[in-house]
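S.K.: Spelled out, the chains give:
2 protein chains.
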Amino acid sequence: MEAESFFRRDLINSLAGYKSLNLIGTKNQKGITNLSPFSQVFHIGASPPLVGILFRPHTVERHTLENIIETGFFTLNHVTESFYKKAHQTAARYPFSEFEAVGLEEEFLEDFFAPFVKISPVKVACTLVETSTMKVNGTVMVVGSIEHIWVEEKGLLADGSLDLEAMGTVTCSGLDTYYTGKKLSRLSYPKPDQVLKEI
Amino acid sequence: MEAESFFRRDLINSLAGYKSLNLIGTKNQKGITNLSPFSQVFHIGASPPLVGILFRPHTVERHTLENIIETGFFTLNHVTESFYKKAHQTAARYPFSEFEAVGLEEEFLEDFFAPFVKISPVKVACTLVETSTMKVNGTVMVVGSIEHIWVEEKGLLADGSLDLEAMGTVTCSGLDTYYTGKKLSRLSYPKPDQVLKEI
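Protein chains in written order, with full-length UniProt numbering: chain A, 1 to 199; chain B, 1 to 199.
I should point out that these hints are in silico values taken from the structure, not numbers from a laboratory.
Cut-off 25 Å, straight-line C-alpha distance, at most; resulting in silico cross-link-like pairs (DSS-like, lysine-lysine):
hint	chain 1	residue 1	chain 2	residue 2
1	A	Lys135	B	Lys135
2	A	Lys182	B	Lys154
3	A	Lys183	A	Lys197
4	B	Lys85	B	Lys182
5	A	Lys85	B	Lys183
6	B	Lys191	A	Lys118
Covered by chain B, according to a simulated footprint, are these stretches of chain A (three or more residues, beta-carbon under 8 Å):
hint	segment
7	36-46
8	164-170
In silico contact screen, one side only, chain A against chain B (beta carbon under 7 Å); selected entries:
hint	residue
9	Phe7
10	Asp10
11	Asn13
12	His78
13	His88
14	Tyr94
15	Asn137
16	Asp159
17	Asp176
18	Pro190
The structure presented is a predicted model; accordingly, all values stated were derived computationally and were not measured.
Yeah, the Cβ is synthetic: ideal placement off N, Cα and C, and Gly gets one too.
Can you build the whole structure from these sequences, using the hints too?
M.R.: Written as structure tokens, this is what we have:
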């Protein structure tokens, strides 16, 4: 913990392992859209369906947070191997919409206020439920209610789970390293005196 | 959102994409150790170094949460391709230590109270900072302070970031599907008028 600051930042950032990667789409009241990459989106509950996002204090992604608080709407969009470099580039500080800046087409679905990424295989429409600020360092947690889900047909399995490998969804580590996933197996529900099966 | 309940559970659970996977090691005041898999460990800050964990309400992992609150100590341990099935099996309801039940050797390092997984390539010693309960559905967030880190030498890059692929760290989706990562690239810091480089 006495390491030099960049070394420490990179180590602590990659410590938990692989992270999910989503582009969050928002629009402000003036109609300007915004797109930014987030690796801290997680599962809060399935019934009601809720998602959580952590926003670091004082980071470049504050436009996204401001738009969510101002309008109450945002979208989550999976990032795939075919456009992860454009997704990375949306983190640059543009004075106009990142959709236009990096060349990702925006899409509006069913009159939902916030924009989706047209080529993304998983698109989720969310409305703001609550925000809370952590005392320890000012990190903001946003909880969203999942209102609509669009999934590319080849990515949706019969039981409802997603085939991330088939869709080419990427995962990331730290601040800048991208990976695809290679499936090992799906395992049966674990019980004390039962041998696990690949299902 | 009107889908049948198992379908909905699996869909919502895999919606954000790939997740990190860590085994959390704890020990209660009677000296009984516990080990359980968690896919919701995330980055809160690097300075001071903080980690967050989400605990679902009423799930099998409550022993872990009880031990953390009772003693103030826990460990994070990466899961690799060589023992992910044992890691999955630790989620079964055992009346004694999961280390013994699934055959993962426990290790104690530098007199830290909680046990580590001996064969894990990344071991992190944490102390409890705060817990908070989300009003919306009773999800509990634990914030821990990172006290010590052990990383297998081949996994630590010169700049401090971790080479997850070299260590064989696995990632998961939903409740039961495991993947290894295959590196695409590491990208330079994004700036508006600059072409991204692979670094």
